[in-house]
Amino acid sequence: MPNLDDERFEKYLKQFRPLAPDGLPAEIRRAPRRHSALAIWAVGATAIVIIGVASLWIVNDRITHQSNHSASVNLPTRTPSLTMREANELLVKAPSYKAVMNELAFPPKSSTTSNDKQSALAMLSEEKTKL
Amino acid sequence: MDPMQESVAEIDSLYREHGPALLLFALAIAGERSQAQDAVHHVFLRLLEKGDLRRASDKKAYLFGCVRNAILNECKRQDRQSPLDDSAWFDPPDQDHAGEQNLRRAIAALPDDQRQVVVLHVWGELTFSQIGDLLGVSSNTAASRYRYALGKLRDLMLPRENSCAESR
Chain A
1 MPNLDDERFE KYLKQFRPLA PDGLPAEIRR APRRHSALAI WAVGATAIVI IGVASLWIVN
61 DRITHQSNHS ASVNLPTRTP SLTMREANEL LVKAPSYKAV MNELAFPPKS STTSNDKQSA
121 LAMLSEEKTK L
Chain B
132 MDPMQESVAE IDSLYREHGP ALLLFALAIA GERSQAQDAV HHVFLRLLEK GDLRRASDKK
192 AYLFGCVRNA ILNECKRQDR QSPLDDSAWF DPPDQDHAGE QNLRRAIAAL PDDQRQVVVL
252 HVWGELTFSQ IGDLLGVSSN TAASRYRYAL GKLRDLMLPR ENSCAESR
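Listed in order, the protein sequences are those of chains A and B. Going by this note's numbering, the final residue of the first sequence carries number 131, and the count climbs one at a time with no gaps. Going by this note's numbering, the final residue of the second sequence carries number 299, and the count climbs one at a time with no gaps.
With the rest of the complex left out, here is chain A (with noise of 0.2 Å):
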């Protein structure tokens, strides 16, 4: 037989109700998915990055590797091609043969660099003036 006493007391004793604690926090009850999520979008974004920057690395390795053929193979077609008026121009203002055959042998170099470019002979050159 259950003890009144016992139950009432019993009773009482629930009416104090425990505490509740305090909540979990959201963003930890989320974490492993956020998680996963991060990580994904992490690999994602690095693998574009990589992509990239390796594409833009062959990119510019070929454009550099054909300008330098270019400026390998350009490099003949530089000398002015002689028509025979222009040889003949040659001979009529030449004071010689002999000249005319210098001339189209060795042509004069043009000592004007353009805007860009600048001679580092005429920049040594000034620096040893400032000296």
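A portion of the hints provided could be inaccurate.
Unchecked claim - Below, computed lysine-lysine pairings styled on BS3-like, alpha-carbon distance capped at 25 Å:
(1) B:Lys181 / B:Lys191
(2) B:Lys191 / A:Lys14
(3) B:Lys181 / A:Lys11
(4) B:Lys181 / A:Lys14
(5) B:Lys191 / A:Lys11
(6) A:Lys14 / B:Lys190
Said to hold, decoys possible - Far from chain A, some chain B residues (derived; all Cβ distances over 10 Å):
(7) Asp143
(8) Asp189
(9) Tyr193
(10) Cys206
(11) Glu231
(12) Asp244
(13) Leu265
FYI, nobody ran anything at the bench for these hints, they're computed from the structure. Note that the Cβ used here is the ideal one computed from N, Cα and C, for glycine as well.
Once you've looked at the hints, dock chain B against the given chain A.
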């Protein structure tokens, strides 16, 4: 709803339903609110990490067992049990804060094994069989500890309660 979300929702609901009694049980063992709170949070965060509770046949008893282990491990790690702090454990009826303090002190004055049994039975609403399984004793032992505990609580509390009742 995917199984992961389902599991999170179930753990959330268990936290809301049993959180207060689990915190009280942790307080009854540890004596200090922050330590008790940490233990309850630790248990639920571990559950959220693992993602399911399906292996536990009796979820409520399992949660109390987890909290008890967490607290005892922490006490063992610190090699001490904290003295009872002054923070409230209960939401008292009719703003009876003096009664709350008396109850808290009376519970704290009980021996460890009786204190755990009384909290598990009154506020955890576990049967003596569940309590016996949890504490590793027989259900009869759990029941007798409860009777002793209840008697002591009554002795400690009722003189003051009676005086309060008479004054009303």
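Subject >> Non-conforming hints, listed in increasing numerical order >> reply: Hints 3, 4, 7 and 11 not satisfied by this model.
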